[in-house]
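> Listed below are the residues making up each chain.
Number of protein chains: 2
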Amino acid sequence: MEKLPVAELDFSKLDGLITVVTQASETGEVLMQAYANREALELTLSSGYAHYWSRSRRKLWKKGESSGNVQKINRILVDCDADALIYQVQQKGPACHTGAANCFFRELAKDKK
Amino acid sequence: MEKLPVAELDFSKLDGLITVVTQASETGEVLMQAYANREALELTLSSGYAHYWSRSRRKLWKKGESSGNVQKINRILVDCDADALIYQVQQKGPACHTGAANCFFRELAKDKK
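As they're listed, the protein sequences go chains A and B.
Sequence positions in the first sequence follow my numbering and run 1 to 113.
Sequence positions in the second sequence follow my numbering and run 1001 to 1113.
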């Protein structure tokens, strides 16, 4: 698989944040969607565990730092226009803060006419 | 699975755009990441084919409208805080405009020291 060095991500063009889709390596299940700034991404690469930037709390965040439900990184993929990543992970415990296995536990329904 | 009506998505809180992760229903493969505004989402639901809002071209966009590589919707999932969707689709042809099967064909590599 072709490699892209982190230095080639243009965070200035991304307003400092890249979109992250987090996926269970084993099952392909999409666990959550979040954001990373350069620091979160560098910590993810150096520690081997998923870090994000929380837009609501305006802080760096290691997934599972309080719950213990950490995400061990297997691989990080980058898309064609380098504005989205996939963290492929081994998830410990449930991924969602609600206790659900992943954050996508609802189906969107058409509005009733 | 619990249902959330479209009317409960708060597009004003989302600056008009919701993040969409597009996933192949059969394999779990993440195909691409894009955005939808309310109109794109309503067209997706009414037509059964994936529509998006292109931020770069500033226009509504039916995936595959020129290439023929359309995405037939099987199911749309919504996340815990209702700011991201998964379009689960049957992809016709390659998903990426580069001709790759999906947009995530590169692996992120650590910078050389």
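There could be a bad hint or two in this list.
[As the list claims (entries may be wrong)] Residues from chain B that keep clear of chain A, each with C-beta distances beyond 10 angstroms, as calculated:
no.: 1; residue: S1012
no.: 2; residue: N1037
no.: 3; residue: W1061
[As the list claims (entries may be wrong)] No more than 16 angstroms apart at the CA atoms, straight line, and that leaves these computed lysine to aspartate or glutamate pairs for EDC-like:
no.: 4; chain 1: B; residue 1: K1062; chain 2: B; residue 2: E1029
no.: 5; chain 1: B; residue 1: K1110; chain 2: A; residue 2: E107
no.: 6; chain 1: A; residue 1: K110; chain 2: B; residue 2: E1039
no.: 7; chain 1: B; residue 1: K1062; chain 2: B; residue 2: E1042
no.: 8; chain 1: B; residue 1: K1110; chain 2: A; residue 2: D111
no.: 9; chain 1: A; residue 1: K110; chain 2: B; residue 2: D1111
no.: 10; chain 1: B; residue 1: K1110; chain 2: A; residue 2: D10
no.: 11; chain 1: B; residue 1: K1003; chain 2: A; residue 2: E107
no.: 12; chain 1: B; residue 1: K1110; chain 2: A; residue 2: E2
no.: 13; chain 1: B; residue 1: K1112; chain 2: A; residue 2: E42
no.: 14; chain 1: B; residue 1: K1072; chain 2: B; residue 2: E1029
no.: 15; chain 1: A; residue 1: K110; chain 2: B; residue 2: E1029
no.: 16; chain 1: A; residue 1: K3; chain 2: B; residue 2: D1111
no.: 17; chain 1: A; residue 1: K112; chain 2: B; residue 2: E1008
no.: 18; chain 1: A; residue 1: K110; chain 2: B; residue 2: E1026
no.: 19; chain 1: A; residue 1: K3; chain 2: B; residue 2: E1107
no.: 20; chain 1: A; residue 1: K112; chain 2: B; residue 2: E1042
no.: 21; chain 1: B; residue 1: K1059; chain 2: B; residue 2: D1081
no.: 22; chain 1: B; residue 1: K1112; chain 2: A; residue 2: D111
no.: 23; chain 1: A; residue 1: K110; chain 2: B; residue 2: D1010
no.: 24; chain 1: B; residue 1: K1092; chain 2: B; residue 2: E1026
no.: 25; chain 1: B; residue 1: K1092; chain 2: B; residue 2: D1111
no.: 26; chain 1: B; residue 1: K1110; chain 2: A; residue 2: E42
no.: 27; chain 1: B; residue 1: K1003; chain 2: A; residue 2: D111
no.: 28; chain 1: A; residue 1: K92; chain 2: A; residue 2: E65
no.: 29; chain 1: B; residue 1: K1072; chain 2: B; residue 2: E1042
no.: 30; chain 1: A; residue 1: K72; chain 2: A; residue 2: D10
[To be verified] Residues of chain B placed beyond 12 angstroms of chain A at every Cβ, according to the derived structure:
no.: 31; residue: E1039
no.: 32; residue: K1059
no.: 33; residue: G1064
no.: 34; residue: G1093
no.: 35; residue: K1110
Hints in this document: simulated from the structure, not taken from any laboratory.
Note that the Cβ used here is the ideal one computed from N, Cα and C, for glycine as well.
> None of the hints should be skipped; say for each whether it holds.
Going down the list of hints, with the structure as the test:
For S1012 (chain B), the requirement that its beta carbon stay farther than 10 angstroms from each beta carbon of chain A is met, with the minimum near 16 angstroms. At roughly 15 angstroms from the closest C-beta of chain A, the C-beta of N1037 (chain B) stays outside 10 angstroms, upholding its exclusion from the interface. The claim that W1061 (chain B) lies off the interface holds: its Cβ sits roughly 14 angstroms from the closest Cβ of chain A, which is beyond the 10 angstroms cut-off. Annotation: proposed proximity of K1062 (chain B) to E1029 (chain B) is violated, straight-line Cα distance about 20 angstroms (limit 16 angstroms).
Of the supplied pair hints, the one linking K1110 (chain B) and E107 (chain A) is violated, its CA atoms being roughly 37 angstroms apart against a limit of 16 angstroms. Straight-line distance between C-alpha atoms of K110 (chain A) and E1039 (chain B) comes to about 13 angstroms, which keeps the hinted pair within the 16 angstroms bound. With a C-alpha separation of about 12 angstroms, the suggested pairing of K1062 (chain B) with E1042 (chain B) holds against the 16 angstroms cut-off. At roughly 46 angstroms between alpha-carbon atoms, K1110 (chain B) and D111 (chain A) are farther apart than 16 angstroms, so this suggested pair is violated.
For the given pair, K110 (chain A) sits about 46 angstroms from D1111 (chain B) by alpha-carbon distance, which is inconsistent with the 16 angstroms threshold. The hinted pair formed by K1110 (chain B) and D10 (chain A) meets the criterion: a straight-line CA distance of about 15 angstroms does not exceed 16 angstroms. For the suggested pair K1003 (chain B) and E107 (chain A), the alpha carbons sit about 5 angstroms apart, so the restraint of at most 16 angstroms is met. As the CA atoms of K1110 (chain B) and E2 (chain A) are separated by approximately 13 angstroms, the hinted pair is consistent with the 16 angstroms bound.
Between K1112 (chain B) and E42 (chain A) the CA atoms are separated by roughly 13 angstroms; this keeps the pair inside 16 angstroms, and the hint holds. The straight-line distance between the Cα atoms of K1072 (chain B) and E1029 (chain B) is roughly 15 angstroms, inside the 16 angstroms bound, and the hint therefore holds. Between the alpha carbons of K110 (chain A) and E1029 (chain B) the distance comes to roughly 25 angstroms, so the proposed pair goes past 16 angstroms and is violated. The straight-line distance between the Cα atoms of K3 (chain A) and D1111 (chain B) is roughly 11 angstroms, inside the 16 angstroms bound, and the hint therefore holds.
Taking the CA atoms of K112 (chain A) and E1008 (chain B), the gap is near 12 angstroms; set against the 16 angstroms cutoff, the hint holds. Restraint check for K110 (chain A) and E1026 (chain B): not satisfied, since their Cα atoms lie roughly 23 angstroms apart, outside the 16 angstroms limit. With a CA separation close to 5 angstroms, the supplied pair K3 (chain A) and E1107 (chain B) stays within the 16 angstroms bound. With a C-alpha separation of about 13 angstroms, the suggested pair K112 (chain A) and E1042 (chain B) falls inside the 16 angstroms cut-off, and the hint holds.
Note on K1059 (chain B) and D1081 (chain B): the hinted pairing is violated, with a Cα-Cα distance of about 26 angstroms set against a maximum of 16 angstroms. Taking the CA atoms of K1112 (chain B) and D111 (chain A), the gap is near 52 angstroms; set against the 16 angstroms cutoff, the hint is violated. Taken as a hint, the K110 (chain A) and D1010 (chain B) pair is honoured in the structure, with Cα atoms around 15 angstroms apart against an allowance of 16 angstroms. A hinted pair counts as satisfied when its Cα atoms are at most 16 angstroms apart, and K1092 (chain B) with E1026 (chain B) qualifies at roughly 12 angstroms.
The hinted pair formed by K1092 (chain B) and D1111 (chain B) fails the criterion: a straight-line CA distance of about 36 angstroms is larger than 16 angstroms. Using a Cα cut-off of 16 angstroms, the hinted pair K1110 (chain B) and E42 (chain A) holds, with the two alpha carbons roughly 8 angstroms apart. For the hint pairing K1003 (chain B) with D111 (chain A), the CA-to-CA distance comes to about 11 angstroms; that is within 16 angstroms, so the pair holds. Taking the CA atoms of K92 (chain A) and E65 (chain A), the gap is near 12 angstroms; set against the 16 angstroms cutoff, the hint holds.
Taking the CA atoms of K1072 (chain B) and E1042 (chain B), the gap is near 14 angstroms; set against the 16 angstroms cutoff, the hint holds. Pair hint K72 (chain A) plus D10 (chain A) does not hold up; C-alpha atoms about 25 angstroms apart against a cutoff of 16 angstroms. At the 12 angstroms boundary, the C-beta of E1039 (chain B) stays outside the reach of chain A, the nearest C-beta of that chain being 14 angstroms off. No beta-carbon of chain A comes within 12 angstroms of the beta-carbon of K1059 (chain B); the shortest separation is about 17 angstroms.
At the 12 angstroms boundary, the C-beta of G1064 (chain B) stays outside the reach of chain A, the nearest C-beta of that chain being 16 angstroms off. Against the 12 angstroms criterion, G1093 (chain B) stays outside the reach of chain A, whose nearest CB is about 15 angstroms from its own CB. Annotated as non-interface, K1110 (chain B) brings its C-beta within 12 angstroms of a C-beta of chain A; the closest such distance is 5 angstroms.
Taken one by one, the earlier hints fail for this structure at numbers 4, 5, 8, 9, 15, 18, 21, 22, 25, 30 and 35, listed in ascending order.
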